[in-house]
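Engineer: Each chain, written out:
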Amino acid sequence: MKVTIDGQSIDVEPGTTILQAARMIGGESVPPAMCYYTKLKGSGGKCRCCLVEVAKGSDNDPRPMPKLMASCVTGCQDGMEINSTASERVQDARKSVTEFLLINHPLDCPVCDQAGECDLQNLSFKHGKSQTRYIEKKRTFEPEDIGPNIQLHMNRCILCYRCVMVADQLTDDRVHGVMDRGDHSNISTCISKAITNEFSGNMIDVCPVGALTDKTFRFKSRVWFNKPFDAHRECTTPGCCGKTTVWMFGNEIQRVTGRKDEFHEVDNFICNTCRFDKKEVSDWTIEGPRKFEKFSVINQNNYTRELDTVIIETEKGILKGRDQDRKKISMPQVPLSETEKEVFTEGNI
Amino acid sequence: MSQKILLDKINVPGIKTYEVYRREGGYASVEKAIKTLTPDEVVEEVKTSGLRGRGGAGFPAGMKWSFIDKKSGKPRHLVCNADESEPGTFKDRFLMEHLPHLLIEGMITSSYALGANLSYIYIRGEYMWVYKILERAIAEAKAAGWLGKNILGSGYDLELYVQIGGGAYICGEETALIESLEGKRGNPRIKPPFPAISGLWSNPTVVNNVETIAAVPWIINNSGADYAKIGIGRSTGTKLISASGHVKNQGVYEIELGLSVYEFMNSDEYLGGMIDSRPLKAFVPGGSSVPVLPANLIYKTANGDDRLMTYESLSDGGFATGSMLGSGGFIVYNDTACIVRNTWNFARFYAHESCGQCSPCREGTGWLEKVLWRIENGQGREEDIDLLWSIQSKIEGNTICPLGDAAAWPVAAAIRHFRDEFEYHVRFPEKIKNREHFVAEPFEKVKHLVSKQTV
Numbered sequence: 001m002k003v004t005i006d007g008q009s010i011d012v013e014p015g016t017t018i019l020q021a022a023r024m025i026g027g028e029s030v031p032p033a034m035c036y037y038t039k040l041k042g043s044g045g046k047c048r049c050c051l052v053e054v055a056k057g058s059d060n061d062p063r064p065m066p067k068l069m070a071s072c073v074t075g076c077q078d079g080m081e082i083n084s085t086a087s088e089r090v091q092d093a094r095k096s097v098t099e100f101l102l103i104n105h106p107l108d109c110p111v112c113d114q115a116g117e118c119d120l121q122n123l124s125f126k127h128g129k130s131q132t133r134y135i136e137k138k139r140t141f142e143p144e145d146i147g148p149n150i151q152l153h154m155n156r157c158i159l160c161y162r163c164v165m166v167a168d169q170l171t172d173d174r175v176h177g178v179m180d181r182g183d184h185s186n187i188s189t190c191i192s193k194a195i196t197n198e199f200s201g202n203m204i205d206v207c208p209v210g211a212l213t214d215k216t217f218r219f220k221s222r223v224w225f226n227k228p229f230d231a232h233r234e235c236t237t238p239g240c241c242g243k244t245t246v247w248m249f250g251n252e253i254q255r256v257t258g259r260k261d262e263f264h265e266v267d268n269f270i271c272n273t274c275r276f277d278k279k280e281v282s283d284w285t286i287e288g289p290r291k292f293e294k295f296s297v298i299n300q301n302n303y304t305r306e307l308d309t310v311i312i313e314t315e316k317g318i319l320k321g322r323d324q325d326r327k328k329i330s331m332p333q334v335p336l337s338e339t340e341k342e343v344f345t346e347g348n349i
Numbered sequence: 350m351s352q353k354i355l356l357d358k359i360n361v362p363g364i365k366t367y368e369v370y371r372r373e374g375g376y377a378s379v380e381k382a383i384k385t386l387t388p389d390e391v392v393e394e395v396k397t398s399g400l401r402g403r404g405g406a407g408f409p410a411g412m413k414w415s416f417i418d419k420k421s422g423k424p425r426h427l428v429c430n431a432d433e434s435e436p437g438t439f440k441d442r443f444l445m446e447h448l449p450h451l452l453i454e455g456m457i458t459s460s461y462a463l464g465a466n467l468s469y470i471y472i473r474g475e476y477m478w479v480y481k482i483l484e485r486a487i488a489e490a491k492a493a494g495w496l497g498k499n500i501l502g503s504g505y506d507l508e509l510y511v512q513i514g515g516g517a518y519i520c521g522e523e524t525a526l527i528e529s530l531e532g533k534r535g536n537p538r539i540k541p542p543f544p545a546i547s548g549l550w551s552n553p554t555v556v557n558n559v560e561t562i563a564a565v566p567w568i569i570n571n572s573g574a575d576y577a578k579i580g581i582g583r584s585t586g587t588k589l590i591s592a593s594g595h596v597k598n599q600g601v602y603e604i605e606l607g608l609s610v611y612e613f614m615n616s617d618e619y620l621g622g623m624i625d626s627r628p629l630k631a632f633v634p635g636g637s638s639v640p641v642l643p644a645n646l647i648y649k650t651a652n653g654d655d656r657l658m659t660y661e662s663l664s665d666g667g668f669a670t671g672s673m674l675g676s677g678g679f680i681v682y683n684d685t686a687c688i689v690r691n692t693w694n695f696a697r698f699y700a701h702e703s704c705g706q707c708s709p710c711r712e713g714t715g716w717l718e719k720v721l722w723r724i725e726n727g728q729g730r731e732e733d734i735d736l737l738w739s740i741q742s743k744i745e746g747n748t749i750c751p752l753g754d755a756a757a758w759p760v761a762a763a764i765r766h767f768r769d770e771f772e773y774h775v776r777f778p779e780k781i782k783n784r785e786h787f788v789a790e791p792f793e794k795v796k797h798l799v800s801k802q803t804v
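Chains A and B supply the protein sequences, listed in that same order. Using my numbering, the first residue of the first sequence is number 1, and each one after it goes up by one. Using my numbering, the first residue of the second sequence is number 350, and each one after it goes up by one.
Derived coverage of chain B by chain A (criterion: at least 3 residues anywhere in the stretch with Cβ under 8 Å from a Cβ of chain A; other residues may be distant): (1) 701-713; (2) 741-754.
Simulated crosslink set (EDC-like; lysine to aspartate or glutamate; CA at most 20 Å straight-line): (3) B:Lys-719 - A:Glu-136; (4) B:Lys-358 - B:Glu-373; (5) A:Lys-129 - B:Asp-735.
For the record, the hints were derived by calculation from the structure and aren't laboratory data. For every residue, glycine included, the Cβ atom is placed at its ideal position computed from N, Cα and C.
Please model the complete structure; the sequences and the hints are all you need to start from.
Structural biologist: Take a look at the structure:
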């Protein structure tokens, strides 16, 4: 089947969604996805970030679809034409979804452990604006303790349901879910029960925002100060492949995560033993540095690039200030001291 | 006196019981359908009748039935949507309370038409007494052999159950209803697949409103063509209207579609005019989620035709000058009502009832409610009116289910038709401090304060 996204055509298998087709093409026209996760069945369609305009339904039925469609749950039809980045309407919708997601978000990136690898940061960087129109009090939730390994910050949650699906599909005893409804719906265990399942740590990896973070890594370091390495170990937990990314600072392993691809989806889910308990370098066989996409903030700690000295061309002596400002106006009879004279002639640099 | 189809036997004493209902000719449609018609003929009959879904969207019922996937060989289900929660709508409650057997008869006939052997009535939790009435009626019908195995010796089996919901408005959306019926959280599903292909337990399912199903027995007893003769154009048959607000005779009325709004409002047979001498200000024709109309657009459409109680006439002119028939929750306001307060009340309802699954609806409905609350309580800013417009336009059409649209439309219509009232609230906060501000001083008297002055 042939589909065209923003003018670029690709042949796909029947049953491929628009988002998957766009990801095959890659580049700018890939819609942002906050709730869709390839490995989780039934995910997607909730955040409405990935809305696209279907300009032509298919070869058989060339009518355009009247509403914007969620690309992650809409299947491709033969001859479909889709506008993603090219459409004004889509850009508008994405902007408004970003605004909706941010109005009740605490915007506490400076103290959030997810900062630097946060999908919501990326989304608002691309589609957000720096002003807010929301003057009301933000909605907040009581903090809830969900065990020794995972930190839940409900205020940051965007309700993508990914963590619920992880618990449903990876484990056989889900103890948390979505409580309440409307803007007060929240992820909770309802009775403050600890989430202790051996694969529960994957909730941290799938969380697109900082709502679920690693307690063993809490406030330890910004993610971009760590160096990621691919590593593996012989894991005895059934269902765990033992292939991870370890995040090192010097010779210390700060945290362990699954290996994420460029869409921030893990290749394989890993068990809690690998994630939380194996923090010694001797536990792991290091394979080599983990590559990240070019513009990731994580690469900012990668000093292999040569940094040129920045020269700003201005008029001469601009830092001295204007001439008329460099007159001694109070008590001109008293001469300036040596240091003061320097400031006056050279400017206050 | 117009023809009554659903409520013609309502005044027979004891019609709630099986004996009286049967004596009055009840269950005849089941006999006729099972003994003389094939299921496809029943569907065909409903198709010819032009019966449209009475739950709000007005989708032709026969068409919906013909979409059901019969080829897959999976068991099929009929689900009756009795989760009537729209503010202003109470027709289904009235019908089920007084004529429970009519619904059950309709369920049997419709299930036969669809080939469903397991059907459900999903009723909202607040209707507990209605639930008990229905349970009793089902037990009576079962004892009389209308339900269970081998109905009327035809070999057709049907089990009918009533399921109580938890009282969420969102469970009136058909896929959320199915989720709730399966015992899950009532979140709407993402369509496609539509329930006609994969609904309850992934089986083909049809979800119909109570009133739609209750109209089926008459169509089978008479004929689809007879039903199509009632009404005008594509709006065939009769419709239950639940009238409330500032009118003399509030209550549930059965009208033939095509009655003029003027006659419905003012004739003594129906609403009997306004409740007192205060003039009509606005009305909502179809429950809280449809756009409100100002006085000048109620009896006449924008191009001067009479406004009729039909799907087409009420939506004449699109949302700019029209509204929708919706579920028939007819709410009338006189000039003591404050449109801003009313809009806030509706917005509060939708913010409370949003399921919280998709972001525009979850965050947007709450935002609308907060901004409207500020305006109503004298803390509004001039830019808030444009802000409201912008928020509602961003919710509409971008959500999974129609609740987002339903939350956006009343706000949009209120701003479209009553913008000066919003401006009055923003500019004269001291005047609207008392919540009854329009009782002593109707808006007409203070309108000059916000109207544009030419100097």
